[in-house]
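J.: Sequential numbering from 1 applies to the sequence shown in our numbering.
Simulated from the structure, these hints should not be mistaken for lab results.
Please note that a few of the clues may not be correct.
[Claimed, not checked] Estimated spans, in silico, between C-beta atoms of each pair:
hint, residue 1, residue 2, range
1, Leu563, Ser364, 23 to 29 Å
2, Asn326, Glu466, 43 to 49 Å
3, Leu102, Phe521, 25 to 31 Å
We put the beta carbon where it would ideally sit given N, CA and C, even for glycine.
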Amino acid sequence: MILEKIKPYLPYMLRYRRDITIGIVALLFADLAGLSIPWLLKMVVDELPNSPSDLDLLGFGGILLAIATVQGFSRFGWRQYLFGTSRKVEFDISNHLFSHFLSLDKSWFQKQKIGDLMSRATNDLRAVRDFVGLGFLILVDCTVIIASCVGLMLWINPSLTLVALIPLPALSILFWKYLPEIGIRHEIVQKHLSKITSHVQENLSGIRVIHAFAQEEAEKQKFDELNKVYIHKNLNVTRLFGVFTPALSLTVGLAAMISLWVGGEAVIAKEMTLGSFVAFNGYLLMLSWPMMGIGFIVNLTQKGQAAMGRIQEIFLAKSDIVDDENTVNTIRKFKGDIEFRDLSFSYSESDKLNLCDINLKIPSGQILAVVGVIGSGKSSLVQLIPRLYEVADDSLFIGGHSIRKIPLSVLRENIGYVDQEPYLFSATLRENIIFGKDGVSNDVVDDVVRKSGLLADLNRFPDGLETVIGERGVSLSGGQIQRVALARSLLLRPKILVLDDAFSSLDAETEDNILKNIREFTSGITTVMVSHRLTAVRKADRIILINDGQILEDGTHDELLHLDGKYAQTYKNQALAMEMEITLQ
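Take these sequences, add in the hints, and give me the full structure.
T.: Here it is, written out as C-alpha cells:
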C-alpha cells in the first residue's frame with residue numbers, strides 16, 4: 001500500500017537516492033540516540049541504591065551529553081538531506097510540468113482554465129513537496145520509533161506491554177474508518193482552490209472590462225462567496241481531525257494510565273525494578289509522538305496524493321500533434337510552396353466540416369490573400385499551415401513534403417505566424433521583437449521596426465525599444481500590438497509568412513502603408529494573408545474567396561472584379577463605404 005502511494009514520486013526520488021540514504025541514516029542515528037536515553041535512565045535509577053560514586057555519576061552525565069551531541073548532528077543531517085531533497089524533487093517536478101505544458105497543443109489548452117493549471121503548478125506542487133519531505137521523514141521516523149519502543153517494552157516486561165497497548169486496536173479501527181474520507185475531502189479542497197485561482201486570474205486578465213462595466217463590487221461578492229465555500233470545505237477536513245487527532249492522544253493517555261496502575265503495582269510487589277519501570281514509561285511516552293505523527297502522515301499523504309493525482313492528470317495528457325514514426329528526421333529545410341489536396345477539416349468539438357475538399361497550390365514566393373465572411377473558414381485554413389491543428393495524411397504539403405512528415409520544430413522554425421490577437425510578454429519592446437531569434441543586430445531590428453510601421457510610435461515610448469510593456473502588451477494599443485507581432489515574425493525571415501487578419505486593429509491607410517513596406521522585405525517568402533478589408537489585398541498576387549469552408553472564387557483582383565461575383569460585390573460595397581466615410585469627414 002505504501003509503495004503504491006509513493007510510486008508516482010519514485011522516478012524523481014531515485015535521482016537523489018544518495019541524499020535520501022544519508023538522510024535516513026542520520027534519522028536512524030537520531031532515533032537510536034533518543035531510544036538509548038530511557039535505557040540510560042534505567043541504569044542510573046537501578047544503580048542509585050548502590051550509592052554510586054561522583055565519578056560514576058559524572059560518567060553517566062558524560063554519556064548523556066554524548067548522546068545529545070549525536071542527536072544534534074543527526075538532526076541537522078536529516079533536515080539537510082531529507083528536507084533538501086524534497087526541494088530538489090519539487091524543482092524537478094516543476095521543470096517536468098513546465099516542459100510538458102510546452103509540449104501540449106492548442107486544442108488541449110482551449111479546454112483548460114489557466115487559473116486551474118496555475119493552481120496545479122503551485123498549490124498542488126507545494127503539497128507534493130510537503131509529502132516528499134516532511135511526510136516521508138515522519139513515516140520513517142514513526143516506523144522506527146514504534147517498532148523499537150514496542151520491542152524494548154516487550155523486553156522489559158511483556159505482560160505489562162500487552163496490557164498497556166490494549167487501546168491500540170480501537171485506534172486502528174478509527175484510522176481505517178477515516179482514512180478514505182480524509183483523502184476525498186482533501187481532493188475537494190484542492191479542486192475548489194483551483195476555482196479561486198481561476199477566478200482571480202480571470203479578473204486580473206479582464207480588469208479593464210470589469211472597470212468599464214462597473215462590476216467591481218459584484219466580483220468582490222463572487223470572490224467572497226468562493227472563499228466562504230473554501231473555508232467550509234477546509235472545515236470539513238478539520239472536523240475529521242477534530243476526532244482523529246484527539247483520539248490518538250487519548251489512546252496514549254489511556255496506555256500511560258494503565259502503565260502507571262499495573263506497572264506501579266509490579267514495582268511495589270518487587271516484580272519489576274524501579275529503573276525498568278522508569279524506562280518502560282519513557283518508551284511509552286516516546287510513543288506519543290509517533291501516534292501524533294500518524295495524524296500528520298495521514299494529512300500529508302492524503303493531501304499529497306490528491307495533489308499528485310491532479311498533476312498526474314496533466315502528465316497523462318498527450319498532444320495530438322507530435323512527431324511520430326512517419327516523421328522524416330532528415331528533413332531540415334524546405335521550399336515555401338504549399339499545396340492542399342482534397343483537404344477536409346473539422347474541429348474535434350464540431351459535428352460539421354469547417355473546410356471541405358480544398359484543392360489549392362501556392363507557389364513559393366507568392367502572396368496569397370484569403371477573404372470571406374466571418375466563419376467562412378479563413379482562419380481554419382491558414383492555421384493548418386503551421387500545423388496548429390492536425391490534418392489527414394497526404395492532404396497538405398509544404399515544400400513537396402507531406403506536412404506530417406516534416407519534424408514539427410523544423411516546420412515551425414520556418415513559418416512566421418501573426419494572428420488577430422497576438423500575445424506579447426511582459427518585457428521590453430526589443431525583447432518581444434527578437435523573441436525566438438538570438439544574436440540579432442540593432443540594424444536588423446531597426447529595419448523590421450520600420451517595415452512594420454512602428455517607427456513613428458517609438459517617440460511616444462519613454463525608452464524607445466527598451467520600454468517595458470505590461471503583460472499581453474496592456475500598455476499598447478491593439479494596432480501597436482499587431483505591429484510588434486509583425487516585426488517579430490519578419491525578423492525570423494521565414495520561408496512562409498502567415499498573416500491571420502493581422503491588421504484588423506489598423507486603419508486602411510496604415511494597413512496599406514505596411515503592406516507596401518513589407519512587400520520588398522518578403523520577396524521570395526510565401527505570404528498567406530487573411531483580411532476582411534478587400535481594398536488592402538487588391539495588390540496580392542492572387543486572391544481566393546472562401547464561403548462555407550469551400551473556395552468559391554480564385555484569381556487576381558482584376559480577374560475577380562471582371563468575374564463580377566461575390567468578391568466584386570463585396571469590394572464595391574467596401575469602396576463605397578470608404579468614400580462615404582471620407583465625404584462625411
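J.: Hint by hint, say whether it matches the structure.
T.: Consistency of the hints with the structure:
no.: 1; hint: Leu563 to Ser364: 23 to 29 Å; in the structure: holds (26 Å)
no.: 2; hint: Asn326 to Glu466: 43 to 49 Å; in the structure: holds (45 Å)
no.: 3; hint: Leu102 to Phe521: 25 to 31 Å; in the structure: holds (30 Å)
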